[in-house]
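Asks: As you go down the protein sequences, you meet chains F and B in turn. When you read off a place in the first sequence, starting at 1, and then add 8, the result is the number in the numbering used here. When you read off a place in the second sequence, starting at 1, and then add 15, the result is the number in the numbering used here.
Simulated from the structure, these hints should not be mistaken for laboratory data. Do not rely on the hints blindly, as some may be mistaken.
[Unchecked claim] Restricting the straight-line Cα-Cα distance to at most 20 Å, the calculated cross-link-like pairs of lysine to any residue (SDA-like) are:
id: 1; chain 1: F; residue 1: K105; chain 2: B; residue 2: E230
id: 2; chain 1: B; residue 1: K214; chain 2: F; residue 2: M46
id: 3; chain 1: B; residue 1: K200; chain 2: B; residue 2: R178
id: 4; chain 1: B; residue 1: K259; chain 2: B; residue 2: D286
id: 5; chain 1: B; residue 1: K143; chain 2: F; residue 2: W40
id: 6; chain 1: B; residue 1: K85; chain 2: B; residue 2: D96
id: 7; chain 1: B; residue 1: K214; chain 2: F; residue 2: D14
id: 8; chain 1: B; residue 1: K56; chain 2: B; residue 2: A77
id: 9; chain 1: B; residue 1: K143; chain 2: B; residue 2: Q159
id: 10; chain 1: B; residue 1: K214; chain 2: F; residue 2: R45
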Amino acid sequence: MAKPVDALTEDAFPTRVLEATTPVLIQFWAPWCAPCRMMTPIIEKLAEEQTGQLDVVKVNVDDEPSLAIQHGVSSIPAFIVYADGERKEQWVGASPKPVLERTLAAYLR
Amino acid sequence: MSDTSKDIYDVVVIGGGAAGLNTALLLGRSRRKVAVVDGGKPRNAPAEQMMGFLSRDGMSPAALLEVGRKEVAGYGVDLIDAQVESVEKGFVVQLAGGAALRARHVVVATGLRDELPEIPGVRERWGKDLLHCPYCHGYEVRDQAFGVLGTHPNAVNHALLLRQWSDDVVFFPHTMEITDEDREKLAARRIRIAEGEVKWLVVEDDRLRGVELSEGRVVPREAVFVFPRMVPNDALLDGLGCDKDAMGFVTTDGVGRTSVPGLWAVGNVADPRAQVVTAAGQGSAAGFALNHDLLADDIARDLEDYRNPAEPIVR
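Please build the complete structure, drawing on both the sequences and the hints.
Replies: Right, here's the structure in full:
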């Protein structure tokens, strides 16, 4: 079984995301959000498969409200892709793994 | 004290909420023979606190009624716990279980019921963090993340109003079509629109957390507002043929007289906008006017007796 992805904090955001050498997928979620929980195993599997290619982290919107506000996240699960220190993609809603992979195609190996 | 036959109440008040009890309070203090019949199902029972009532701000609805009942009983008003089955002209108030009360006037203060949309979580959170009335509960949730459910034709206006209590308001059209004009108003008030059918309210640890849409996303929210369909509990009035307005509420003059002489309606049964304090005031005004109507009849009768002293008095 895949291991949980790291929880991203506001403090870690500059080094973990903005200065990253690989693209980063951030999932905004909350423990009480059923569609978010549905995505958890999908995200973990993806993170495992794409190790070294795509960094995957998650943000609990209850713990890190300012990160959610900064990114204009108004509903969850929300996904944002950063590459070269810039926000490249942003979307909302749960989806099956193949759909997620199609969306992320440009960043996957 | 009125010298009407002991068997006949001057006034029977149906409904022992703020409107009914305040009617009875005024009439009891006017030494009228009064009964209040109450079925024990107040509209605001799900709320822990009643707000916006000067000197009673924050009191529980149950405590208000308890104090009110004690005050009214202190003036000799009969408090009867029963359901009323029907009212016949004359008046005869028929109670469930067989008893009947005769009355010169009848005040219907039976309130209204809030019919809520059938969305899972709505009924469970009603009066907690699923709210209706910003004037009643808005201040307590000020600045929180609000949602407004588009389940009533008045929902957009409700959202526009609620923006006054929080900068963070999301409108959920659910299955409702929003006109371009309304869309522009919402945008102008910086109210976001979350399109999509609402699946349920997300609740965790006895707390509202968000609104889940059927397309698989959740909008985190701390308080959600709905505009319920307000239905007056007026079957008793219907039985007597009272006039109604276009909204389906009984029409009354300024103090509660319906189109049927001797029959009065006060509080939410006649006025969906009345808060507890308004309903109490309406009850007081009705009691005042009602006592004068009774007095006019009393004077007319006394005059007749006075002018015809030989005639035996039969009542």
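Asks: If a hint holds in the structure, say so; if it does not, say that too.
Replies: Hints and how they fare:
no., hint, result
1, F:K105 with B:E230, "holds (16 Å)"
2, B:K214 with F:M46, "holds (16 Å)"
3, B:K200 with B:R178, "holds (12 Å)"
4, B:K259 with B:D286, "holds (12 Å)"
5, B:K143 with F:W40, "holds (18 Å)"
6, B:K85 with B:D96, "holds (14 Å)"
7, B:K214 with F:D14, "violated (30 Å)"
8, B:K56 with B:A77, "holds (11 Å)"
9, B:K143 with B:Q159, "holds (14 Å)"
10, B:K214 with F:R45, "holds (16 Å)"
When held up to the earlier numbered hints, the structure conflicts with hint 7 and nothing else.
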